[in-house]
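**Student:** Each chain, letter by letter, is given below.
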Amino acid sequence: MMGVVMNANTAVSGEFSRFFHFLMQEMKPRGPWLTPFNVISIPVIFTGVVIIVIRFIYGLGAVTNLSQDFPWGFWLGFDVITGVALAAGAYVITFVVYVMKVEKYHSIVRITVLNGLLAYIFYAGALVFDIGRPWQAYNPYIGNKFGFSSVMFLICWHFFLYMVAAFIEFSPVVAEWAGWEKARKFLKSITLATVILGITLSILHQSGLGALFLMAKPKIHPLWWSEFIPVLFLVSSVYAGLAMIIFESTISHRVFRHLIPHDPKHSFDDILFGLAKGAAIVMFVYYFFKALLFIHGKQWSMVNDAWGYWFLVEVIGFVLIPGFMFAFGYRNRSLNIIKIASVMALLGIVLNRLNVSVISFKWYAEVHYFPSWQEIVVTLMIIFTEIWILRWVVTRMPVFKPAH
Amino acid sequence: MDRRGFLKTTLVAGSAALAGGDLCAQETRDPEEFVGILVDTTRCIGCRACEVACGETHDLFVPDVLNDGALEENRSTSDKQWMVVNKFETEAGEVFVKRQCMHCYQAACASACPTEAMEKTKNGPVTWHGNRCIGCRYCMASCPFDMPKFEYGEWNPKIQKCTLCFERLEAGQKPACVAACPTDALMFGTRVKNLEIARHRIYNHPDDYVHHIYGEHEVGGTGYIYLSAVPFEQLGFRTDLGTRPYPEYTKEFLYSVPMVLFGVPAFLLGLNALIGGPQPGQEKTFELEAGDDGGGDER
Chain Y
1 MMGVVMNANT AVSGEFSRFF HFLMQEMKPR GPWLTPFNVI SIPVIFTGVV
51 IIVIRFIYGL GAVTNLSQDF PWGFWLGFDV ITGVALAAGA YVITFVVYVM
101 KVEKYHSIVR ITVLNGLLAY IFYAGALVFD IGRPWQAYNP YIGNKFGFSS
151 VMFLICWHFF LYMVAAFIEF SPVVAEWAGW EKARKFLKSI TLATVILGIT
201 LSILHQSGLG ALFLMAKPKI HPLWWSEFIP VLFLVSSVYA GLAMIIFEST
251 ISHRVFRHLI PHDPKHSFDD ILFGLAKGAA IVMFVYYFFK ALLFIHGKQW
301 SMVNDAWGYW FLVEVIGFVL IPGFMFAFGY RNRSLNIIKI ASVMALLGIV
351 LNRLNVSVIS FKWYAEVHYF PSWQEIVVTL MIIFTEIWIL RWVVTRMPVF
401 KPAH
Chain B
1 MDRRGFLKTT LVAGSAALAG GDLCAQETRD PEEFVGILVD TTRCIGCRAC
51 EVACGETHDL FVPDVLNDGA LEENRSTSDK QWMVVNKFET EAGEVFVKRQ
101 CMHCYQAACA SACPTEAMEK TKNGPVTWHG NRCIGCRYCM ASCPFDMPKF
151 EYGEWNPKIQ KCTLCFERLE AGQKPACVAA CPTDALMFGT RVKNLEIARH
201 RIYNHPDDYV HHIYGEHEVG GTGYIYLSAV PFEQLGFRTD LGTRPYPEYT
251 KEFLYSVPMV LFGVPAFLLG LNALIGGPQP GQEKTFELEA GDDGGGDER
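The listed protein sequences correspond, in order, to chains Y and B.
Quick note on this note's numbering: the first sequence kicks off at 1 and runs consecutively.
Quick note on this note's numbering: the second sequence kicks off at 1 and runs consecutively.
Bound conformation, chain Y alone (with noise of 0.2 angstroms):
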C-alpha cells in the first residue's frame, strides 16, 4: 500500500519537475529584443502600472475625469462594453465548427479561441481597476446576497463562466503543449458541451452587457436608447466577432507567417471571403433592425442637428458601408476592401458602445466626460499587455496546427 502510494508520489513530483524545467524553458524570450513593438509597449505598460498604484493609493478621482455624474468612463465603456463585443468571434466561430461541423474555418478556432479568452480575461478583467472596491468582488460569487435582479450580477457570473468554458475550449493546445497526452484527451472529449456553454453564456452577456443601459433611459440619447438595445448589441456582437477575425488574422498572417501551415484544402483567402459574407448579411440585418426603430420611434425631428448627424455618421458612414464593401469585396474578391472594411465594421462597433456608454450618456450635461490620458494609458497598457501574452502563447503552443 504503502510502496504504491510512493511510487505515484515520485510519479507525480517527477512529473512537476519535468514541467517546471520545461516552463522555464519556455518562459525565455525568443527573438529580437528591439522591436519596434517592444519599444513602443514597454514604457507604455510601466507607466501603466504606475497609474494604476496611484489610482489604489489615492482613489479613482486621482487618475480619471469620472465624476458623480459621469460614473461610468473609458474604462467601462472602451475596455469592458467594447472589447467583449470585440472578443465576439469566439462564440461565433465555435458555433460555425463544432455545432454545424463546418470543416473550413477549423484552422481558426484555436486563435480566435485564443483571442476570446484572453481578449475576456484581459476587458473583462479591467473591471477590476475601475470597481471602487476590488476586494470584495467576490460578493456576487460567494458573498452573502445575492442581487437576482441584477444585470450586473448576471453579467459577473456570466464573465466568470465564459472565461471557465473559453479556457477549457483553449485547454487541449494547453495540454499538448505540455505533454499531457491523458489529459488532453478527456478535455478535446467535452468541446462540445462547453462551446454550447460558450455560445449560450455568450447571447446571454453579450445581450446583458446592453441591457446594463436600459435603466438608464433618461440618461441616455433616444437616438441610442431603445428598449432593444440588448437585441442590438447581440446582433451587432455578431459582425464584430467577424470583423475581428478578419482583422486579427491578417495581421497575425504576416507576423506569424513561419508559424502557420498551409491547408490544401482551404486556403486562407477562402476563409476571409466566407467570413466577409457572413459579416455582410449579419450587417444588413443590424441595419435593417436600426432603421425600423427609427421609423418606428418617429426619430425624423431629431436627425436634424448634431446629435443627428452623429447618429447618421454611426449608421449609415460605419454600418451600411462597410456591410456593401463586404458584400462587394466578396462578389470581386477583392480582399483590400474587405480588410478595409473590417476596419471601418469594427470602429462602427467602437463608435456605437461608445454612444451608448460614454459619448450620449446625459447629452444635456454642460461639461460632459473626456478621458484623461491615464485613463487612455491604462486602456494602452491592457492591450499592450494581452498582445505580449498573446505572442507568448502562439511562438511556444501549437495555435496555428490544425487540431488532431
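Rather than coming from a laboratory, the hints here were simulated on the basis of the structure.
These figures come from a predicted structure and were not determined experimentally.
Honestly, I wouldn't trust all of these hints.
As a list, the in silico EDC-like pairs of lysine to aspartate or glutamate whose alpha-carbon atoms are at most 16 angstroms apart [to be verified]:
no., chain 1, residue 1, chain 2, residue 2
1, B, Lys193, B, Asp40
2, B, Lys174, B, Asp184
3, B, Lys87, B, Glu73
4, B, Lys251, Y, Glu227
5, Y, Lys339, Y, Glu227
6, Y, Lys145, B, Asp184
7, B, Lys122, B, Glu33
8, B, Lys80, Y, Asp69
9, B, Lys122, B, Glu170
10, Y, Lys362, B, Asp146
11, Y, Lys362, B, Asp240
12, Y, Lys339, Y, Glu248
13, B, Lys87, B, Asp40
14, B, Lys80, B, Glu56
15, Y, Lys104, Y, Glu227
Please arrange chain B on chain Y, whose structure you already have, making use of the hints.
**Tutor:** This is chain B only, laid out in the frame that chain Y set:
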C-alpha cells in the same frame, strides 16, 4: 453521440443553469407600510437648518449657512452632503427646494445592485451596506434622480446618499432634517398619510398649489413627495421620467434569461445531432497532412 458523451454534454450544459437564478422576483410590498417625507415647498423659508442637522447627524460636511452664500448657486448633493436646499426664481417669486434621495417605492438602485448592497428596507428607507458593495456604480448609472454619490478621492470608497435617518427611525425618532425644520415644510409619516395631507392642502387651497404631487406616480411612486405653487419644471425637477417603476425596464430581459439558458443548449444539441457525421478534425486525412507541415517548430 455515445451515452458517455451525452452525459458529459448534459452535465456541462446543465451547469449553465447554475447561473440561471437571475429571476427578477419583485416583492410585493404594501405601500401603506412605507414611511416617507412630504416637502411643501410653499412653506420652506430657505433657512437650511435641515442641511446643518443632516451634516451633524451623519458626521458629514456641516455648512456655514449664514455666511457661505450657497443659495446663490444651484448645487447638487455630493459624497460630502446628502441633501441640499436650492433657490429658484419662479413666477411665484423665490422658492426653496430641498433635494435628496427620493427613496423610491421600487428603487432602480436596489434592483441594479449585484450584491444587494443597496437595499430597499421593509419600512421605506433605501440604505447601503458597505460590506457587500463592490463599487461598480451601476446604482449611479441607473438612478433616475442621480442620487447615489461615490467617493472618488478615497482608496476604500463608499456610496453616499440619504438614508432617511434609518437609525433614528429604529430608535423611534423622526429624521434629523424633519426635526430641525422650523416651518413644518417637512412632514414625516407613512406615505399614504402624507399623500392624504398633500391632497387635503391642494383641495383646501386650490389657488396656492399646482394640482400635482411630485412623487405620487413618478417612477412608480417615491417615499419623498413634493407640493409646489409653480410647475415642477421651474424647480429643477425632471418631469419626463415617466410613471413606470424603473426595475421593470430590465424585467423582460431577466425573464428571458432562463429561456435562453435552456432553449439555446437544447436547440444547439439537437442541431448538432441532426447534422451528424464526425466532429471536425477527427478525419484521419487532415491529421496526416498536419504532420507534414507543422512538425518543425512546435516545441
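**Student:** Against this structure, judge whether each hint is valid.
**Tutor:** Taking the hints in turn, this is what the structure says about them:
With a C-alpha separation of about 14 angstroms, the suggested pair Lys193 (chain B) and Asp40 (chain B) falls inside the 16 angstroms cut-off, and the hint holds. Of the supplied pair hints, the one linking Lys174 (chain B) and Asp184 (chain B) holds, its CA atoms being roughly 13 angstroms apart against a limit of 16 angstroms. Between the alpha carbons of Lys87 (chain B) and Glu73 (chain B) the distance comes to roughly 8 angstroms, so the proposed pair stays at or under 16 angstroms and holds. Simply put, Lys251 (chain B) and Glu227 (chain Y) have alpha-carbon atoms about 11 angstroms apart, close enough for the 16 angstroms limit, and the pair holds.
In summary, the hint linking Lys339 (chain Y) to Glu227 (chain Y) is not supported, as the alpha carbons are separated by about 33 angstroms, beyond the 16 angstroms threshold. Between Lys145 (chain Y) and Asp184 (chain B) the CA atoms are separated by roughly 39 angstroms; this puts the pair beyond 16 angstroms, and the hint is violated. Among the hinted pairs, Lys122 (chain B) with Glu33 (chain B) is consistent with the structure: their alpha-carbon atoms are about 8 angstroms apart, no more than 16 angstroms. Straight-line distance between C-alpha atoms of Lys80 (chain B) and Asp69 (chain Y) comes to about 15 angstroms, which keeps the hinted pair within the 16 angstroms bound.
Of the supplied pair hints, the one linking Lys122 (chain B) and Glu170 (chain B) holds, its CA atoms being roughly 12 angstroms apart against a limit of 16 angstroms. Taken as a hint, the Lys362 (chain Y) and Asp146 (chain B) pair is honoured in the structure, with Cα atoms around 11 angstroms apart against an allowance of 16 angstroms. A C-alpha spacing of about 14 angstroms is found between Lys362 (chain Y) and Asp240 (chain B), which places the hinted pair at or below 16 angstroms, so the restraint holds. Distance check on the hinted pair: Lys339 (chain Y) and Glu248 (chain Y) sit about 10 angstroms apart at the alpha-carbon level, within 16 angstroms; holds.
This hinted pair checks out: Lys87 (chain B) and Asp40 (chain B) have alpha carbons roughly 14 angstroms apart, not beyond 16 angstroms. Our distance criterion of 16 angstroms between C-alpha atoms is met by Lys80 (chain B) and Glu56 (chain B), whose separation comes to about 12 angstroms. Using a Cα cut-off of 16 angstroms, the hinted pair Lys104 (chain Y) and Glu227 (chain Y) is violated, with the two alpha carbons roughly 37 angstroms apart.
This entry does not satisfy hints 5, 6, 15, going by the numbered hints stated previously.
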